[in-house]
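Asker: Now that you have both chains on their own, put them together as the hints suggest.
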Amino acid sequence: MLSVKMALRSIGANKLRAALTMLGIIIGVMALVVLVSLVDSATSSITEEVSSLGSSLLTVRVSDDKGRPVKLEDLQTWVDQEPAVAAVAPYATTTATGKYGTESASFNVYGVTPDEYKIQNMQLTLGRFIASSDVRNNSRVCVVPEKTAVDLIGYSDCLGKEISLNGVKYTIIGVLKDEDESLASILMGSLKIAYIPYTSLIRLSTDTGATVSTFYIGAAEGYTLDQAEKVMTDLLMTRFDDDDDAFAISSQNMIEEAMESISSLLNILLGGIAAISLIVGGIGIMNIMLVTVTERTREIGIRKAIGASRRTILVQFLIEAVVLCMMGCALGIFVSWGILQIISTITASASISFHLNGRVVLLSVLFCFLIGVIFGLYPANQAAKMKPIDALHYGG
Amino acid sequence: MIELRDVSKIYQIGDERVHALDHANLHVRPKEFVSIIGPSGSGKSTLMNIIGCLDVADAGEYLLDGMPIEAYSENDLAEIRNRKIGFVFQSFNLIPKLTAEENVELPLIYQRVKKSERQTRVRLALEKVGLEKRAKHLPTELSGGQQQRVAIARAMVTNPSLILADEPTGNLDSKTSGEIMRMFQELHEQGNTIVLITHDNDVARQAKRVVHILDGKLTEVTL
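These protein sequence lines map, in sequence, to chains A and B. Counting in the numbering used here, the first sequence tops out at residue 396, every number present. Counting in the numbering used here, the second sequence tops out at residue 223, every number present.
These are computed hints drawn from the structure, not numbers from a lab. Careful, some of the hints might be misleading.
[Unchecked claim] Restraint ranges, calculated between C-beta atoms of paired labels, are given here: (1) A:A19 - B:S73: 37 to 43 Å; (2) A:Y378 - B:H137: 33 to 39 Å; (3) A:A19 - B:L214: 52 to 58 Å; (4) A:L16 - B:E220: 52 to 58 Å; (5) B:L214 - A:I279: 54 to 60 Å; (6) A:A19 - B:Q111: 31 to 37 Å; (7) B:S73 - A:I276: 27 to 33 Å; (8) A:Y378 - B:S174: 44 to 50 Å; (9) A:I279 - B:E70: 41 to 47 Å; (10) B:D215 - A:K385: 28 to 34 Å; (11) A:D390 - B:N171: 19 to 25 Å.
[To be verified] Computed list of lysine-lysine pairs in DSSO-like fashion (alpha-carbon distance at most 30 Å, straight line): (12) B:K208 - B:K31; (13) B:K97 - A:K5; (14) A:K385 - B:K114; (15) B:K114 - A:K5; (16) A:K5 - A:K387; (17) B:K208 - A:K387.
Remember, predicted model here, so these are calculated numbers, not experimental data. Ideal Cβ positions, reconstructed from N, Cα and C, are used throughout, including at glycine.
The shape of chain B in the complex, shown without the other chains (with noise of 0.2 Å):
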């Protein structure tokens, strides 16, 4: 599913040379549900772009569904995300302009999926995230949690072999980030496969693997 092998990643910060990522090794098998934690600065965000293909390591090997990313273009990425990821951020980033049904519809769009496909696939997306009731509302309109709940329709309704969610919880209270838990477990007992980025462990324990990563290093956690 994912195989990251020997990856490395490296900022040059003036005269000082970081690595983001050294060396990192991680596999993650289909309808997983791993955790990766680690503190500010750890590398984390530089493991989410590239698990997440917005950004291409400076060494080693990332294999997607077996296919190495290295040897693809920006345009073959931007078509990987758009079928094989569905995103879930810490800020929601939904499109402000665009009402929850036609955020969700977004990324089918991009696939060129016939209208009449895309409003079956975006309901059906709604109505599993509970808020079919809130399709035609802005995303200003609504809560911190709907609108998490909104990001969540749209990163499943094209069916992506990964989810990846970067401190989904992070902007939340944590009541709503108790639902927002609950229902990943749920898109994992569906059989999806769920990468998790977060500093909180709390969060991160609610996975069946969890993984550590310090100074760009990655080490298994047993727990």
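In isolation and in its complexed conformation, chain A is listed as follows (with noise of 0.2 Å):
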């Protein structure tokens, strides 16, 4: 404690040069700690957003139907015979221009099923959900999001009202309840949206037919989505004569992980040439503690003079090394704080907080302290090895 004391008097009789030799330091944690959390918060808030965006959920592709194409009765057939399958839900999209009196505007239709609305997490605040009579009956009923409504109509409890896609008049059934402030609405901008039954869909829209070539397929409580692929794998290779090309499943935990590898991979990218920074800092450090031995060496000939051994000056001096290299590494972090805090303020609107990471912190802290260690060394090993006599005569 004594020598940790001594160490910050004798960085603190040279204000200029421990500032600016510690600066090295400084801006080496900054860049570690900074970068590493700005990709680790990012990673993580986009992660949130492709779990939220329904992390049970498969998709199907199917690009070679080898004569046998699947229907929609299909899908509610596989529902029923397989345990696994909680939901599937057939994917077909167009764009439409709907109206309502005099407004008008481009939207986004989606042809779905009853199961559309356990697979995709939706929510209602009025009236159903497009329901299995709708779809036998290719009703022309239509559900929209609450902020589709209230642009277009003006206001959100329209149940019962009628309005027009490319000219086929569609009636209200539900509103759905806005996601959040999402990733995904950022994305889709003030895009409007209606859901209308997949039979339906067949009419409005030339390109999709009775053939469903892609759809969403959710997990059974009680199962992982990966059992929930595996039946869905055998049940489709029996039916294209084992041809693993004539299909493709993908599922949102593959994004998740390729987001995660990408993410690791920029870590160690960001976090090596951090890294360099810090060894450069380091350099900084040995060179300023070589001057302040030679300049203290009248002082270390006393102190030997008068009784300290080898060990004791090297650990003097290693000390102060490493104290420099910690305040250094104490100011990087807190700067860097305060950078996290102003990228925060300014991008709080995007949803995504940006906060210091507890483990690149830490490990800021073990890497200043090695360094202080690893380039303290051979300066303060300079200043044991002296010989009193000679350090004491030195410079008169």
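Answerer: Pasting the structure below:
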């Protein structure tokens, strides 16, 4: 403790020099902490977004149906037959011009079945969702998100109102709760959305037929997505003559995994660059410590004359180097915290919050300590091995 | 106490071999006050370095308190300097960043003396040299005489077997020199062994015994 106090005093004796020396470490720590924290925060919020889009979801794409195309009825059969599969929803979409009175807007129209509601974790605020009977009867009904209703009609309480899509009138039977301010909604912008029965979409759009080429699968409660995927793969392999090129199953887990590997790669890359700048900072420390040792040759001589051993001198200068490093490290972490706060304030609207990553703070503290020891050792040893008479007579 | 037997130290300067000490013999008994006088270049500093365990002789034997010094490692010598020898230098050699108090405390820290005991001993030592009121001052805030008194306090705080003074009055005016020399007299009367190295006859004469050094050879002087 006493030696740390002594070290602080030696450092304090030359504040400007100490500050300039620490700058290297400060910048290195900042680079490490800020960059890694940024990547980590961004990754975790993107991952959250991805999983909120429905993590219990498999997407199946059929590219070659071998003359046995998947029909809407097949989807229902699979749900009934396989306990692991809870819901199957076809995916088909088209764009259409929507009109209400004199208002008109471009719409993304989705053809859906009742399972869509479960799979996409939707929530109704008014009315009901598309029912099986609507699908069977090609009913001209639609469900819209609240935002779309307000934008086109002017208010959300619009059950029973009719909007026309490409000239065909659809009755609004349900209003969906808007999704939270999410990445998806930022990407989608102010796009208008309408959900209509799958069979109705076949009539509305020319490129949607009775054949389903893309559909979602949800795993049943008590089953993992992997189990559902296996069941589905077996089923489709049988149907398509064991040709695994005929279809592709992808899950959002894969996206998450990809995200994770990208971010860990980024972290290693950025961490590596930051580590290099920390090492450069360490060389700066070594340089200044060597100057300090030369400057204080006389002091070393006096200390040795009155009984300081080699080890005592070595430890004294080593502690000084480590303290210098750790002070730089603390300042660097503090400044990083400030920077992340500022970035968070600026990007507050984007729902991504940037915060200090505890692991990287710990890592930088350890790394700074190591750098202090490694780069302090040589100058400290130079000091320790001085001969007392030479040191005493240095500079008169 | 101090026993030098045929001690030699040779420096190689260019092609020339200089005998800084040439078979020097010296015996100092406990509680003695000995002056070693000689002109510059006579080997005084070398003798002082060897007696002070800052350097090791090339040949001969040096016994301090009956222990042969040649046998020890660098770290052992540091400990011997710490416990047995108190240095007083011509240029005071205080550490400029430390206060008077802390300078005196330093050898006790190296001895790992407990803090409470350190404080009492430092206070006593500073009282002895009459500087208790200046304890918190930095060396730069003290006069030359005061700095040398701090150095004397530092030398005796460890109760060493030997106080070794190298031209302690060399940088001081005659009045302050007188004060410092009286202080050495007092220390001598209190039973300390003192070896004082000087080129000044007036200073040397204040000791009970004077040894002359010339070209590395020691001769007793009877006053």
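Asker: Given the proposed pairing of K5 (chain A) with K387 (chain A), does the C-alpha separation stay at or below 30 Å?
Answerer: Distance ~26 Å between K5 (chain A) and K387 (chain A) Cα, so the pair holds.
Asker: Run the distance test for K114 (chain B) versus K5 (chain A): straight-line Cα separation, threshold 30 Å.
Answerer: At roughly 17 Å apart (the allowed maximum being 30 Å), K5 (chain A) and K114 (chain B) satisfy the hint.
Asker: Would you say the C-beta atoms of I279 (chain A) and E70 (chain B) sit inside 41 to 47 Å of each other?
Answerer: Distance hint for I279 (chain A), E70 (chain B) holds at roughly 45 Å.
Asker: Using the C-beta atoms of D390 (chain A) and N171 (chain B), is the stated range 19 to 25 Å upheld?
Answerer: 21 Å, holds
Asker: Check whether the Cα positions of K208 (chain B) and K31 (chain B) lie no farther apart than 30 Å.
Answerer: 11 Å, holds
Asker: Does the beta carbon distance between Y378 (chain A) and S174 (chain B) stay inside 44 to 50 Å, or does it fall outside?
Answerer: 48 Å, holds
Asker: Starting from K208 (chain B), check that the Cα of K387 (chain A) is at most 30 Å away, please.
Answerer: 33 Å, violated
Asker: Going straight from one Cα to the other, do K97 (chain B) and K5 (chain A) come out at no more than 30 Å?
Answerer: 13 Å, holds
Asker: CB of Y378 (chain A) to CB of H137 (chain B), is that within 33 to 39 Å?
Answerer: Given about 36 Å between the Cβ atoms, the range holds.
Asker: Could one say that the CB atoms of D215 (chain B) and K385 (chain A) fall in the range 28 to 34 Å?
Answerer: With a Cβ separation near 32 Å, D215 (chain B) and K385 (chain A) satisfy 28 to 34 Å, so the hint holds.
Asker: Verify the CB-CB distance for L16 (chain A) and E220 (chain B) against the hinted window 52 to 58 Å.
Answerer: At 57 Å between Cβs, range holds.
Asker: Using the beta carbons of S73 (chain B) and I276 (chain A), state whether their distance is inside 27 to 33 Å or not.
Answerer: Check failed, 41 Å falls outside 27 to 33 Å.
Of the numbered hints stated above, those contradicted by the structure are hints 7 and 17, listed in ascending order.
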